[in-house]
Amino acid sequence: MVLEVRNLSKSFGGLKVIDDLSFSVARGERLALIGPNGAGKTTVFNLITGVYAPDAGSISLEGRDISALPSRFRIRRGLARTFQNIRLMAHLTVLENVMIAQYARAPGIASLLQPLGFGRGNRWRGEARAALAAAGLERYADQPARGLPYGVQKRIELVRALAAAPRVLLLDEPAAGLNPTESEALHLALDAIARRGVTLVVVEHDMQFVGRLCERVVVLNFGSKIAECRVAEIQADRRVREAYLGADELAA
Amino acid sequence: MSGYLESVLVLLCINTVLAYGAFLPMVAGQLNLGVAAFVAIGAYSGGYLSQTYNLPPVLAALAALLVAGLIGWLVAFPILRTRGIYLALATFALNQVVQGAILNLNVVGGASGYPVPAHIGFPVVAAFSLAVVVAIVALFHTRFGISVTAVSDDEGVADLMGLSVRGLQTAAFAMGAALAGLGGALYAHHFNYIEAQNYGVLFSIYVVLYVLLGGTQTVYGPLLGAAVFTLLPELLRGSAAWRYVIFACLIIAIMSLRPQGVLLRKSWFSR
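Chains A and B are the protein sequences, given in the same order. Per my numbering, residue 284 is the first one in the first sequence, and the count goes up by one each step. Per my numbering, residue 103 is the first one in the second sequence, and the count goes up by one each step.
No lab work stands behind these hints, which were simulated from the structure alone. Backbone N, C-alpha and C define an ideal beta-carbon position, used for all residues, glycine too. Worth double-checking, as some hints may not be accurate.
As the list claims (entries may be wrong) - For the chain B half of the interface with chain A, some residues (derived, Cβ under 8 Å), not all of them:
1. 243
2. 255
3. 303
The shape of chain B in the complex, shown without the other chains (with noise of 0.2 Å):
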């Protein structure tokens, strides 16, 4: 396999990770716009373990989607206290807090960035993308994805029907939280360097258009926006200068066509 396709394929395996992170909370209601200080949290503290305590790669990378996740959770108590448009403010903010504090923290390199020597191959990122992939559309054919779209439709009546309102949204914004973390720290160990200019607001609104605009109705939905994302800048390479002018008409196009997203669905179960 040519180097070039090879990078394609991690890209597109890292970003159904990540897109999956955002979709998450997205399902819950919440639009979370710190999905990228999450991958930021993921990917610095994955290449610290394996840089400084030897951790095998692949080790760390799970580390990382623990600390994302654990990290996740906490600051869903604030975060989650707010609504609608404020939440979106309030991970924005999340955003620009884990961005800035990592820009300063010289010993992950501070601005200069970060060096990750430990690699991790293909095959690994795309066994974690698959397992990431079967581990949600199993999720989401449980009582979670009634329960947590429940929570978004009506918090008052899904509460009556005695759901955990508060939990459901927690576990949604933890999980994604630590899916992002996961997404990272692949990231790191693949391409062995990070720089925490990437991750800011502009990377989490990208990974949220992926879910937009697969459509956060099927559990594919984000697989379907990450692939579209990530190969379709790709496929119009051959117009070279017009190629992202081509690309953002397209996603408007598709847009307006499917505001809900490109997939649809009858059910959680029958697709």
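Chain A on its own, in the form it takes in the complex (with noise of 0.2 Å):
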């Protein structure tokens, strides 16, 4: 298992915002976080990343255990998300934002302060460069980041996750937002990267999307998982179309 989170528990003030989740994923393997608004989605990806201390229960990434350490060394781990309501360096040219990131791969005071160059033609800034031009973002490289559209502002904290080379992805809600045209390109996009061997884990309420993207569903509600099985299997079981749609209208 690439990332095993096991009975994990977070209140925020005497609610329990998650409630002894567990749940694993394997090398590879593209896994769906789904639920109604305020499930604790986004909680869980902020424990796993080390935003939020958990309560009670344990995170591991490759077989070791990751509860206690710093968020900051969890990306260099190998563990990078991008963000629900986007994170951009609002200072920061697009091309900086993702520079950013590359900083995980190498960390320390003499990457630091490594020079990347007055001109062009340095690695880093040219491997960042490569990689807004494969994601066909190479014309925004030199703007600042704000004030772009928002599609655009989501692909480029995609390449900016990527840019840390990392092994697991947690993707939060990213098609929310997106017109079809640009989602079908975010699903290619993501399809390729899993491809690479990137284990992605995506929360996501276009159930289209997570359809053609993920194997497997692990559905929460009010912090507890209800159900964990297969995409395909998803519209039949009873609990998750409760959570969603209310016992009583099922029954009508």
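Hints are included, so try docking the two chains, each in its own frame, into the full complex.
Here it is, written out as structure tokens:
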């Protein structure tokens, strides 16, 4: 198992947001984490990446317990993420935003003080530019990140996360707010990333998108796992339909 | 070169060094209103070393840089626990504490000021200033530049991207303190007399204004800001009594036309 979450619990001021949650992801797998709004999906990502410390339970990455590892070391272990509400650095260019994530691959003071060059032709800059070009974003490379169209910013976030060369990628609502064309392009991009062996964990509401991208689904409701199954079986699951539609409507 | 022109140029060089001292923490998102505290620490420690231990003034200036940097590094730990306006207030308080302490320190003359006999001439001051500009420009062409900007933009994401937020903030604060200290020591050894009364919060605010006027977005902003603040009042000398009024109006005009500072940037690398 490349990522394993065991008996995870988290409360905020007496409210149990995550309750005894366990699931695991195999290497190269594409897992979807779904559930109604407020089910705790983003909180799970925040626990895995170390934004919050869990109250109980453990998280292990490639067999090693990372529950107590400070958040900044987790990306260095190959765990990167994107954000539900886009969080690019407003005062950096698109290229520089991508370069920020490269640090995770070569952390340390020497790397921090390594010259990135005055003109063109530095290895790290060249690499970031190539990654943007591969995503069709090269023309934005030298623009400030703020003020770019929403869909473009989402794609930049993905390129940035990949610049850390993650083995596990957590995507928080990657398709939200995208039009059908953009959503299709994102599907192709994620499919290619997964084919390269990167494990994907996706929080997403668009079930069509999930159905095409992912193999397996973990369903959360009120912080607990209510179902875990293959994508094809999800609609048949009574508890899942209840969680989304309510028991009354199903009965009617 | 006339004595007048030389002292204007010396002030330009020193103010440039001080401006970079305020710039470094500001790029990391810290409004340091305690710059003058580190200027004073540098001026007095440098002066004391050359006076008491006969250290050559250039070495004393370098020692002052280390002393101010070390003290900056130490106080960064409690001070950087605060955020935003509270950080500004904490540095303001630091300025008061340091100024008050020196005023009561009789070994360096207390309130009557401190004469520093050893002299650093204009060429050496200029060389130091040039070295600082070159070093800062080089520093902002490394990963440090984008990293420290990332920290000031979004600490949470910077941390998740693997950056040591606290480390970068502390480094920026301490390096800024070191440069302020160097500027103080250069002043002490060029003008040969220092007074703690000068190093109040108003002094700090002036230095911060250099940076805000020039802009924090490019590494050349502080250079421009220091130049404007040093040279403009001199150029306005023609209108004797009104020159500071005209100066203030010009500053207000620039600030309202360009609230982000005069120099904007595309990238840390391209400009």
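Consistency of the hints with the structure:
| no. | hint | result |
| --- | --- | --- |
| 1 | 243 | 6 Å, holds |
| 2 | 255 | 4 Å, holds |
| 3 | 303 | 27 Å, violated |
When the structure is compared with the earlier hints, a violation turns up for hint 3 alone.
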